[in-house]
Amino acid sequence: MRVTSSVDGVARRWYSHRYNRPDLYGLAARLGWLPRPLRLALARQIGRLAPRLVPAERAAIRETLAQFTNATGSRLDALTAQAFVDFAMCFSDLVSTNRKPRAQLAPYVAGTEGVERLRGLTGGFISLTAHVGNWELAGRLLAGQCARPTHVVVAPEEMKELERWVRRDGEGVRFVTRSRPTVSLELVAALRRGEVVAVQGARALGARGDTMISFFGRPAPFPMGPFLLASAVGVPLVPAFCLLTADYRYLVKVVEPFTVRRGDEEKAAQAWGALLEDVIREHPTQWFNFFDIWNPLNR
Amino acid sequence: MEAEKVLEELKNIMVERLKFDPSRTSELTLATVLPKGMEGSLGLDSLDFIEMSMAIEERFGFVIDESQELETHFESLGALVAYITLHMAEH
Numbered sequence: 006m007r008v009t010s011s012v013d014g015v016a017r018r019w020y021s022h023r024y025n026r027p028d029l030y031g032l033a034a035r036l037g038w039l040p041r042p043l044r045l046a047l048a049r050q051i052g053r054l055a056p057r058l059v060p061a062e063r064a065a066i067r068e069t070l071a072q073f074t075n076a077t078g079s080r081l082d083a084l085t086a087q088a089f090v091d092f093a094m095c096f097s098d099l100v101s102t103n104r105k106p107r108a109q110l111a112p113y114v115a116g117t118e119g120v121e122r123l124r125g126l127t128g129g130f131i132s133l134t135a136h137v138g139n140w141e142l143a144g145r146l147l148a149g150q151c152a153r154p155t156h157v158v159v160a161p162e163e164m165k166e167l168e169r170w171v172r173r174d175g176e177g178v179r180f181v182t183r184s185r186p187t188v189s190l191e192l193v194a195a196l197r198r199g200e201v202v203a204v205q206g207a208r209a210l211g212a213r214g215d216t217m218i219s220f221f222g223r224p225a226p227f228p229m230g231p232f233l234l235a236s237a238v239g240v241p242l243v244p245a246f247c248l249l250t251a252d253y254r255y256l257v258k259v260v261e262p263f264t265v266r267r268g269d270e271e272k273a274a275q276a277w278g279a280l281l282e283d284v285i286r287e288h289p290t291q292w293f294n295f296f297d298i299w300n301p302l303n304r
Numbered sequence: 063m064e065a066e067k068v069l070e071e072l073k074n075i076m077v078e079r080l081k082f083d084p085s086r087t088s089e090l091t092l093a094t095v096l097p098k099g100m101e102g103s104l105g106l107d108s109l110d111f112i113e114m115s116m117a118i119e120e121r122f123g124f125v126i127d128e129s130q131e132l133e134t135h136f137e138s139l140g141a142l143v144a145y146i147t148l149h150m151a152e153h
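Chains H and P, in that order, are what the protein sequence lines are. Start counting the first sequence at 6; every next residue gets the next number (the numbering used here). Start counting the second sequence at 63; every next residue gets the next number (the numbering used here).
Read the hints as simulated data drawn from the structure, not as lab findings. Every residue, glycine too, gets a C-beta built ideally from N, C-alpha and C. Just so you know, not all the hints are guaranteed correct.
Unchecked claim - Partial selection, computed: residues in chain P whose CB lies under 8 Å from chain H:
| id | residue |
| --- | --- |
| 1 | VAL95 |
| 2 | PRO97 |
| 3 | LEU106 |
| 4 | PHE124 |
| 5 | GLU133 |
| 6 | TYR145 |
| 7 | HIS149 |
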């Protein structure tokens, strides 16, 4: 039972690091003039150096990858290094390629899987994703497929200046910052109008809206918001991912939509966790959460 | 429906749907502020507002028109009571 309003507290932002700075975003964006193969080669070099600069993140991702893959020793070291390299490339694209008009993005898409599933959806739906691969590009590309407004729900940035690099409204995409609790009423309205709400489903908020699910065999906090919203409005959840391929393009993957019955939200969160595990098993080095996902407040 | 009755129904929603301690409902007045982050508020978060809006529709029998600016109507119990009372009168 809920006893006091203080159980809500203020959602703690449990992960931040000193490199999350506007000047570094700006620098990365300014390199956008480079031909993409050269820019990504540079990103890979920086990605190889990065683990030395962020030892805590290196340790966290190494432990995470050990849990994901059961790898040890040099194999685990290689996977850990690759996670930083993959992240550097996706980050470089985030602040450059992602900002191109949608019509110019086709050369960067290696293929699509299951996108036809979107065409069968006539009403509103929730596009559910995670910090895997180039998640932001998935939202932009799929918004083009849906032909209706997409509201991307994001956490407020610690530094407002960062938002200009990663959040740009346009071409049917609108960013909605979770800065006010009543923002959920806007999302209900959008879904009822038949529009799309895109949310992250793997970073819990550190508030009472989280639930513990089994994730790679250990309990981890996951956000309940997407599942409660889906059951309340009666719309399907559509898991979607954008994964970096071996030729440095992206595979857009849309998984079978599912619905959530009232009271089954935790079960739905668990099903989502299992689905996410499958994607991560195929692409473990594209899991871009550089903290202990099982104990995010324990640092 | 009278404002007093609407307030009582909202208190019931707080207990039944938002899982508030029933003993706390005596503290709730029309001046009670709802959203988390505002001084002296009940601390309702985004999930509470989803639950509350659905419960209001079921309990009072009208569909909330979210195309309107709703933030001010959900700011306090008094504002919400006024909003619901107005809708009840219209339907």
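Results for each hint:
The closest approach between the C-beta of VAL95/P and any C-beta of chain H is roughly 10 Å, which is over the 8 Å cut-off, so the hint fails. At its closest, the beta carbon of PRO97/P sits 4 Å from a beta carbon of chain H; the interface hint therefore holds under the 8 Å criterion. For LEU106/P, the interface hint holds, the least distance from its beta-carbon to any beta-carbon of chain H being 6 Å, beneath 8 Å. Restraint check, PHE124/P versus chain H: the minimum CB separation of about 14 Å is more than 8 Å; hint violated.
Taking 8 Å as the C-beta contact cut-off toward chain H, the hint placing GLU133/P at the interface holds, the least distance being around 5 Å. Restraint check, TYR145/P versus chain H: the minimum CB separation of about 12 Å is more than 8 Å; hint violated. Here the hint on HIS149/P is broken, as its CB sits about 15 Å from the closest CB of chain H, past 8 Å.
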